[in-house]
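Modelling step: build the complete structure from the supplied sequences, incorporating the hints.
Number of protein chains: 2
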Amino acid sequence: MYTLTTFRWVPPFVVGYVRDLRVRWALEEAGLPYQLRLIGPEDQPTPAYRQQQPFGQIPVLQDGAQTLFESGAILLHLGASSEALLPSDAGGRTHATEWAFAALNSVEPHVANLAELDAFAQGEAWAIERRPALEEMALKRLAALDTWLAGRDYLSGRFTVADILMTSVLRLLDDSGLVTRFPALSAYVARCTARPAFKKALADQVALYAPAQATA
Amino acid sequence: MYTLTTFRWVPPFVVGYVRDLRVRWALEEAGLPYQLRLIGPEDQPTPAYRQQQPFGQIPVLQDGAQTLFESGAILLHLGASSEALLPSDAGGRTHATEWAFAALNSVEPHVANLAELDAFAQGEAWAIERRPALEEMALKRLAALDTWLAGRDYLSGRFTVADILMTSVLRLLDDSGLVTRFPALSAYVARCTARPAFKKALADQVALYAPAQATA
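Protein chains in written order, with full-length UniProt numbering: chain B, 1 to 216; chain H, 1 to 216.
Just so you know, the hints here were simulated from the structure itself, not pulled from any lab data.
Heads up, the beta-carbon is just placed ideally off N, CA and C, and yes, glycines get one too.
Careful: at least some of the hints might be erroneous.
To be verified - Partial pick of chain B residues on the chain H-facing surface, computed with a CB cut under 7 Å:
{"id": "1", "residue": "Tyr17"}
{"id": "2", "residue": "Ala65"}
{"id": "3", "residue": "Phe69"}
{"id": "4", "residue": "Glu70"}
{"id": "5", "residue": "Trp148"}
{"id": "6", "residue": "Gly177"}
{"id": "7", "residue": "Thr180"}
{"id": "8", "residue": "Ala203"}
Structure, rendered in structure tokens:
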């Protein structure tokens, strides 16, 4: 049995976007049951929690006696025991690993800078001056990704954990509408988020934080 | 024989910090000989190069018939064939993988935002207003890392590719002096950059771009 650590409470506007979703989605794809461990701001700075997550963040995954942090590492770890998440041949694994790092290091930083500005700083003087450059940088990455995905269903030939990570990153731009400018990229996000495992993971996260909304 | 792709030319202020250094360092630690393939801005947008590096960036590593992008994936790939870079047991590998992702996804984005502001936007109105928040975010990550490294020589028990990635990320703050505020972190960076493989990799990069400086 896996135990996934996430927050007990989050502000309403991030419901559906909390970073445990990446791990929930992978566990659903692999058909692996899991339980939740819920933490609050009082747990994040404790030495005991920092032993498991040195930056005090979520998610953390416990797999028996092993405790893991960093969603990229957690997903590659789950992939090692499930063909549904990662091919078992070395070449296929390497390609998925390349795209896992690409999602988290080449795409997410730029996407997150723009999404955070829009969420937290709209109207501030620095944000008005800075936004065009951040949008340009994000669009450059999206355009490259759109070119790569033209004629491809998934990043590395078949669905892998890299697609879970990349889709999760691209969803940070949901409110901006930027992804819809790119046909191959939009189709890719639609394809990935149409997967039953994504829908189940999303519904479960929403049900935790906004039970009324989930049952409405 | 490995072939490492990097830029033919870079502006003087980034010499010693070009991202091929991470791969050079790993190859030196493992004692693996390599040759360079040098590219210019005319190569970066070509479909042929985008097949190898979808974002048109460097580094790219060719290992026989296999071509890899993303420094994190390249280093884990090299680690799979060298005990000097990664332990051969599954638990040890998982820990190093966690820290590889932590370097590139939990630390680098914040460090890079601050370093880029200092390099490219000092004095601009948005930068003056925004810098304190970016510095605070970077310091938060550095403090967590300093706590983790107290009493530890390396991130995950022994030297691994994760230390190459983390040190490379922390060096982006060289000009800011921020790392020197943290004793365990400063000692860690000094320990890693004192390694002969780092010195050789750095000297080779400097020799490529600034031959006069290297022999001075």
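Hint-by-hint comparison with the structure:
Look at tyrosine 17(B): its Cβ only gets to about 16 Å from chain H, farther than 7 Å, so that hint breaks. For alanine 65(B), the suggested interface contact is broken, since its CB lies about 10 Å from the closest CB of chain H, more than 7 Å. Restraint check, phenylalanine 69(B) versus chain H: the minimum CB separation of about 6 Å is within 7 Å; hint holds. Taken as an interface hint, glutamate 70(B) checks out: its beta carbon lies about 4 Å from the nearest beta carbon of chain H, inside 7 Å.
Nearest Cβ of chain H to the Cβ of tryptophan 148(B): about 4 Å, under the 7 Å cut. The hint holds. Look at glycine 177(B): its Cβ only gets to about 22 Å from chain H, farther than 7 Å, so that hint breaks. Interface restraint check for threonine 180(B): the shortest CB-CB distance to chain H comes to about 21 Å, outside 7 Å, so the restraint is violated. At a threshold of 7 Å, the smallest CB-CB gap from alanine 203(B) to chain H is about 26 Å, leaving the interface hint violated.
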